[in-house]
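**Student:** Each chain, letter by letter, is given below.
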Amino acid sequence: MSIKKKTYRSGPYQEYFAQGTQVGNVLYLSGQIGIDQDGKTPTGIADQTKVTYMNVKDVLSQFGADMGNIVDETFFVSDMDEFFGNIEDVYGAREVAYGGNPEVCQTLVQVVALAQPELKIEIKCIAHL
Amino acid sequence: MSIKKKTYRSGPYQEYFAQGTQVGNVLYLSGQIGIDQDGKTPTGIADQTKVTYMNVKDVLSQFGADMGNIVDETFFVSDMDEFFGNIEDVYGAREVAYGGNPEVCQTLVQVVALAQPELKIEIKCIAHL
Amino acid sequence: MSIKKKTYRSGPYQEYFAQGTQVGNVLYLSGQIGIDQDGKTPTGIADQTKVTYMNVKDVLSQFGADMGNIVDETFFVSDMDEFFGNIEDVYGAREVAYGGNPEVCQTLVQVVALAQPELKIEIKCIAHL
Chain A
1 MSIKKKTYRS GPYQEYFAQG TQVGNVLYLS GQIGIDQDGK TPTGIADQTK VTYMNVKDVL
61 SQFGADMGNI VDETFFVSDM DEFFGNIEDV YGAREVAYGG NPEVCQTLVQ VVALAQPELK
121 IEIKCIAHL
Chain B
1 MSIKKKTYRS GPYQEYFAQG TQVGNVLYLS GQIGIDQDGK TPTGIADQTK VTYMNVKDVL
61 SQFGADMGNI VDETFFVSDM DEFFGNIEDV YGAREVAYGG NPEVCQTLVQ VVALAQPELK
121 IEIKCIAHL
Chain C
1 MSIKKKTYRS GPYQEYFAQG TQVGNVLYLS GQIGIDQDGK TPTGIADQTK VTYMNVKDVL
61 SQFGADMGNI VDETFFVSDM DEFFGNIEDV YGAREVAYGG NPEVCQTLVQ VVALAQPELK
121 IEIKCIAHL
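Protein chains in written order, with this note's numbering: chain A, 1 to 129; chain B, 1 to 129; chain C, 1 to 129.
Hints may be right or wrong, so weigh each one.
Copies of the same chain are indistinguishable here, so a pair counts whether it falls within one copy or spans any two.
Said to hold, decoys possible - Below, a list of computed lysine-lysine pairs in the DSS-like style, where the Cα atoms sit at most 25 angstroms apart:
(1) LYS6 / LYS40
(2) LYS40 / LYS4
(3) LYS5 / LYS40
(4) LYS6 / LYS57
(5) LYS5 / LYS57
(6) LYS4 / LYS57
(7) LYS40 / LYS50
(8) LYS57 / LYS40
In short, the hints are calculated from the structure, not lab data.
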């Protein structure tokens, strides 16, 4: 059964999967992480959150969307204590990215590992257009 | 690109995210946990499951929906052995919440930690209206 | 609020949840694992990936869909080092399943445990019809 998809590929694994896949008015995003355009990852979780949302915005922009289009977030963190110990800075970076407190759902879990050892947060978003 | 969302906010983190976000006929729910209206968390995983579904129902009701609207569940548990050791009680509590065996998908993983140390299960649902 | 769902149930937990649930043109799949029709699980992560996608295909086929309908994947793995140490074989098995490099999003996290100790990967997909 054929469906019409639009995808955006970027980064070292673009051969294997897309960063964003749109079908109809739903836009799925791959989990985004705190590696910037130059391949650098800041140390702290709040700084990683900032870079992560820059990457989210980059994906959204390829589909003519912005942060207001996000409806659901899943936060995968590597250390829950570190997350809550820096929660004001993490949510501060998020608030800047959204331009205010967003109208989205959120789920938060601590996993064993993300794709690279230095990563402290990965954010998976679903957007609607 | 502007979309029309309806959200329901509740609990200590309502400034940061919504418990439910509806766009079109899709309703995303934040991962729900076993903390009741009085801030209390029962000890056992089956009792936590019961409270969790009470919270799911509360979110659904804000959108004129009920358990029959859920189409997909992800179970994040803190101890897989405890989950399977109490599976009859856990699914019993779930069956009561749904009023029977539900027509939903389910994904089950053990994570390192949920948002609070005493939590044993978090259930993230997607519903359609 | 009543919605029209179509479900496909299979396997030992079919009383509790469906392997696929369709509502409108969205098809949610339960996380699929590397247990084959005879109840056997291969040892290696690449072989488990192969069996997992056979199970994904089985679910899709019940809804008249195929791998081209998948838009989003979440990989839950039990050992990130093992995943990356076998990444060519894992993605090789995936490429065979898709018949090429797919137009899908992907999120990858290591969890503590999947539903059975011998499982190394679980793949949760969302498809659109």
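**Student:** Please work out whether the CA atoms of LYS40 and LYS50 approach to 25 angstroms or closer within one copy, between two copies, in both situations, or in neither?
**Tutor:** within (13 angstroms within a copy, 34 angstroms between copies)
**Student:** For LYS5 vs LYS40, is the C-alpha pair at or below 25 angstroms within one copy, between two copies, both, or neither?
**Tutor:** neither (31 angstroms within a copy, 35 angstroms between copies)
**Student:** Tell me, please, which holds for LYS5 and LYS57 at an alpha-carbon limit of 25 angstroms: within, between, both or neither?
**Tutor:** both (20 angstroms within a copy, 19 angstroms between copies)
**Student:** Given identical chains, is LYS6 near LYS57, meaning Cα to Cα at most 25 angstroms, within a copy, between copies, both, or neither?
**Tutor:** both (17 angstroms within a copy, 22 angstroms between copies)
**Student:** Please work out whether the CA atoms of LYS57 and LYS40 approach to 25 angstroms or closer within one copy, between two copies, in both situations, or in neither?
**Tutor:** within (17 angstroms within a copy, 38 angstroms between copies)
**Student:** Could you place LYS40 and LYS4 in one of the four classes (within, between, both, neither) given a Cα distance threshold of 25 angstroms?
**Tutor:** So LYS40 and LYS4 fail the 25 angstroms test inside a copy (35 angstroms) and across (36 angstroms) alike.
**Student:** As a check of your reading, is LYS4 near LYS57 (CA-CA no more than 25 angstroms) within one copy, between copies, both or neither?
**Tutor:** Classified as both; 23 angstroms inside a copy, 19 angstroms across copies.
**Student:** Should LYS6 paired with LYS40 be assigned to within, between, both, or neither, using CA atoms and 25 angstroms as the limit?
**Tutor:** neither (28 angstroms within a copy, 37 angstroms between copies)
In summary, the numbered hints that this structure violates are 1, 2 and 3.
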